[in-house]
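> From just these sequences and the hints, can you work out the full model?
Protein chains in written order, with the numbering used here: chain A, 1 to 473; chain B, 474 to 1091.
No lab work stands behind these hints: they were computed from the structure.
Have a look at the derived ranges for each label pair, beta carbon to beta carbon:
{"hint": "1", "chain 1": "B", "residue 1": "N828", "chain 2": "A", "residue 2": "D439", "range": "46 to 54 Å"}
{"hint": "2", "chain 1": "B", "residue 1": "G1013", "chain 2": "A", "residue 2": "E9", "range": "34 to 42 Å"}
{"hint": "3", "chain 1": "A", "residue 1": "D265", "chain 2": "B", "residue 2": "L688", "range": "48 to 56 Å"}
{"hint": "4", "chain 1": "B", "residue 1": "D1086", "chain 2": "A", "residue 2": "D439", "range": "22 to 30 Å"}
{"hint": "5", "chain 1": "B", "residue 1": "P576", "chain 2": "A", "residue 2": "I164", "range": "30 to 38 Å"}
{"hint": "6", "chain 1": "A", "residue 1": "D265", "chain 2": "B", "residue 2": "G1013", "range": "18 to 26 Å"}
{"hint": "7", "chain 1": "B", "residue 1": "K728", "chain 2": "A", "residue 2": "E9", "range": "52 to 60 Å"}
Cβ atoms here follow ideal geometry from the backbone N, Cα and C, with glycine treated the same way.
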Amino acid sequence: MELLRNNLELRGIKEGCGEGDCGACTVVIGEVRQGKVHYKSAAGCLYLAAKLEGKHLITIEGLSEKGKLHPIQEAILGAHATQCGFCTPGVSLSILALYLERESPTREEFRRYLEGNLCRCTGYVSLREVPEYLKDLSVCSKDIRPGYLTETEEKQLHFVQEDIFVDDGIYAYYSPVSEDNLLEFLHSHTELTEGNNFRYINGGSDVVVGIKKRKQHHRLLIDLSKISSLQDIIYNSSMKDVPENILVTNVLTMGGSVSLSRIIDFTKKIFPVFSEAVEKMCSEQVRSSATLAGNIVNASPVADTVPLLMAVDAKLTLGGPGGERRIPVIDFFHGYKKTKNKTEEWISSISIPLNEYDFIHFEKVSKRKEVDISAVNSAIALKVEQGTITKARIACGGVGATTLYMPKTSKFLEGKEMKEETFLKAFKVIVTEAAPIGDVRGSAEYRKAMMQNLLMKHYLAYKTRQEVDGYEA
Amino acid sequence: MEAVFADCPNYLEGVICNDGQEHFYLETQSALAVPEDTGGLTIYSSSQNPNEIQRMTATVLGLPQHQITVDIKRLGGGFGGKESQATVWACLAALAAFHTGRPAKLCLAREEDMLCTGKRHAFESNYRVAFDKKGKILAYSVELNSNCGAVADVSTSVLERAMLHAENSYQIENIRIIGRPCKTNLHPATAFRGFGGPQGIFAIESVLQRIAFTLGLDPYDVRVKNRYRQGDIAPYGEEIIHAEHMDKVFDKLRKDSLWDERRKNTITFNAENKYYKKGLSITPVKFGISFTAAHLNQGSALIHVYFDGSISVTHGAIEMGQEVNTKIGQIAATNFGVPLSYVRIESNNTKRVANTSPTAASSGCDLNGYAVEAASLEIMKRLRELVLKLFSEAEVVFENGFVYPVTADGATYENPLISFIELVKKAYYERINLSAHGFYATPGIHFDRDKGQGHPFLYYVFGAAVSEVTVDLLTGHTTLDYAHIIHDCGSSINPRVDVGQIQGGFAQGIGWVTTEELVYNEKGKLLSSSPATYKIPTIGDMPEEFHIELLEGSINEQGIKRSKAIGEPPFVYGESVFFAIVDALCSMGRYPEELSIPATPEKVWREIRRNIDNGRKE
Chain A
1 MELLRNNLEL RGIKEGCGEG DCGACTVVIG EVRQGKVHYK SAAGCLYLAA KLEGKHLITI
61 EGLSEKGKLH PIQEAILGAH ATQCGFCTPG VSLSILALYL ERESPTREEF RRYLEGNLCR
121 CTGYVSLREV PEYLKDLSVC SKDIRPGYLT ETEEKQLHFV QEDIFVDDGI YAYYSPVSED
181 NLLEFLHSHT ELTEGNNFRY INGGSDVVVG IKKRKQHHRL LIDLSKISSL QDIIYNSSMK
241 DVPENILVTN VLTMGGSVSL SRIIDFTKKI FPVFSEAVEK MCSEQVRSSA TLAGNIVNAS
301 PVADTVPLLM AVDAKLTLGG PGGERRIPVI DFFHGYKKTK NKTEEWISSI SIPLNEYDFI
361 HFEKVSKRKE VDISAVNSAI ALKVEQGTIT KARIACGGVG ATTLYMPKTS KFLEGKEMKE
421 ETFLKAFKVI VTEAAPIGDV RGSAEYRKAM MQNLLMKHYL AYKTRQEVDG YEA
Chain B
474 MEAVFADCPN YLEGVICNDG QEHFYLETQS ALAVPEDTGG LTIYSSSQNP NEIQRMTATV
534 LGLPQHQITV DIKRLGGGFG GKESQATVWA CLAALAAFHT GRPAKLCLAR EEDMLCTGKR
594 HAFESNYRVA FDKKGKILAY SVELNSNCGA VADVSTSVLE RAMLHAENSY QIENIRIIGR
654 PCKTNLHPAT AFRGFGGPQG IFAIESVLQR IAFTLGLDPY DVRVKNRYRQ GDIAPYGEEI
714 IHAEHMDKVF DKLRKDSLWD ERRKNTITFN AENKYYKKGL SITPVKFGIS FTAAHLNQGS
774 ALIHVYFDGS ISVTHGAIEM GQEVNTKIGQ IAATNFGVPL SYVRIESNNT KRVANTSPTA
834 ASSGCDLNGY AVEAASLEIM KRLRELVLKL FSEAEVVFEN GFVYPVTADG ATYENPLISF
894 IELVKKAYYE RINLSAHGFY ATPGIHFDRD KGQGHPFLYY VFGAAVSEVT VDLLTGHTTL
954 DYAHIIHDCG SSINPRVDVG QIQGGFAQGI GWVTTEELVY NEKGKLLSSS PATYKIPTIG
1014 DMPEEFHIEL LEGSINEQGI KRSKAIGEPP FVYGESVFFA IVDALCSMGR YPEELSIPAT
1074 PEKVWREIRR NIDNGRKE
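Dropping the structure here:
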């Protein structure tokens, strides 16, 4: 945002909050992944200019061509979806990102892409009509794509990825393209890493907020986002469409630089509860760059992916100068914002065993349904045989200094009947496993109650699923 | 009144609270001051009140007002938060520019803005009410205590409007309204869409809701029973003109929202569901239009018609997303009989329009639209005289950029006498003045503060909203399933604009009553000081099923082009969501007396727990 507004004097981008929560600074970024150019919306206030190397940045100034409004702008006007107009550049670019990736987006996808664009004037009702107006304008994907895209796409496909290293003596930035290069760098630049005043950065949704709002400056930032081996998602199933109810343990392995947006899309079929949980986190502008590894390593007690990862017993693979090592997510945290990875270690992948449970579920409570941080969250994984719980794992966030795995409650449920009463009885057990404190997002008392009530919500979700699917006799 | 309370078997008393609300205009407070080579400064400010900025910077710098020019094109949202609270930032920028001789710009970061600028007034209201067994209020006494913060700002006016709306849409024979502005150590509270109206209305609506619960009556019926009828007089002595519109709204909304069917379904749903409860509500609005400070009810405009027929319009209102420029452009184009493209609305500039009132109280279009009307009719009078001179036609119409003769059968559109552009050219050569200043002062408004009597409003806006919610009893989460609004905006100048204002006002209202929570620490520092912790509605918070109707056949003789003001009244519809939550909780057998605005999930959950504890005791 500072580069665009101050250096390039492109002032269509607006600052509404400067911390990735309002969407007024939304830009579209085109980047090459696996031989294809993909587009995403991004929060301009959190996106470091150095990351733009080899990418295509589209700002609102690039939307209309030859003095003619872009169809998206026409549709916004037609739907009366702009009032004061301050949020409108960001809104327009969120819609552009959506239509560049999906030819005819669903209502749900439209909401997913727009929920991060706060508007205080319109009440969003007119905005929801924009897709209809685009249809009425008989807009096809060709009209949506700005004329210059083909040219820039060709350029990008031939772009050679190399390490980037800049150092002005006060701040340094290093962006390697491979883990080997990174190891080599760590070995040869110990003067920058000593004193531990360096940070790994990926999507930057936490690190950049820290730099901007909390003045947490670092001597060196090492950007992991261009390391191609960290971009892989591997699912060891040969089947493309995985039939349901197949109880073979497959492992889903996601690289440390895989963005939350890609995870939503990839896990929609094979691990829908995970997809839904990630979709409830932050906004598309943030998810498109933020990573699962970042959500874990940030070690927030209200990280929304962590309870699920604990419930299914996911494991982390850490890379670093001392070689690779694996650690279960439940053993990774010790104390508020503290993890067991060493300063120079990074998360190279996260492995999730699938199909080991009959029922996996996630619940969160927050003030607002979307784009809000949890007061409490909770995940459960159950194996149920003939109406009896044979295996249970429960984890809760927002009730302690870290996300907590709940061994007593898990054990309590095992061997019990899968019915409401069992869960009601478990209320008494789960409160003994954590002592939540109160803050701006919820009081201690509310959190304690939610820890219990979310257990019941898990049960109710199971019952609903059973009614719908005839799930687990 | 005390005799009524003493004798009445149906009597309730209690406390009703609402928190404040952050404006969260997307554009934070900002100002740019540029020194002029002839001395003085030009100030570009994100303000709803250029006149005050001019006066205050002149005072701060010790300059006469003519040395300060304030120029404002548009704002990235205002909602009242830039009525008085934009001034200090403009003064600071002006001070820096004045002493350095260089341009100075000041923009607040979001957190700074949220920490130190004013919010909506929190209220704590004590009430006593007596009513008959059919729910008709016999006596209502309310003390509205308003948390004004550390500085008076516009607090007394806000409180006054709260008091003037304390009876909302209801005829109450015995009424006592007391207002107390309370000084506290918090940041000063200020104007915010509705300006005290929503707080006064919230108290009486809460009382009616509780009466309905106490008597086991449908809240809709109790409201209809108490409504104003044609000829009724408000507690401050003014007749509620067109009160019969409220009847129309009540009747039509009951039908169109399928209220009775919804009520039945709600009862069935609540009987069948242990962990979810549905609630249904109706919230009517009667909103008085005019500044309660009578001197502010004035507007001004300056119009130039240029040689080529293009028209420049400057008026005293500020465009901040409410599309006042669209409406005023339409008014000018209609009066000149030209396409909208002939008209350009200029920035608000203190050199072109002076001594303007803040754009507030929903009055921007009325006051300045009338001023534009006066200026345009003045120029048209001169042009008509020229037409008479040129064509000897006394009866002509100006339309689509042409002048047509009128015969006994009406206008003859085939053969125009002359185009507007040609006529303007001829007027120039005839040395006719093609510029005019227009002025408007709202007639007949007066209010005696000492007696609490008078005629403070030019007219009233009416409407009502029905909302249906589902409350998750395990978490306290609310989902707004359905909303239906019928709104009386007279003969709308631009229905799309008015509907947009209703949608946006409703959304802000939903935010205020549900998720927007100002959390302070024990020292009064705001903790929810960024969008990470202060949650305004997103696209997913609006109901999937949402209907808005503009009341048909309504004509407002007092408003510009027979329209009604639109900005603030729809905000109050948000309260219907609060009362739908109350209704859902009432289905558990107890009135959630302690629930206050905002009904966050945690606060709703606390009421659910009280319900459960209550059940256990019994």
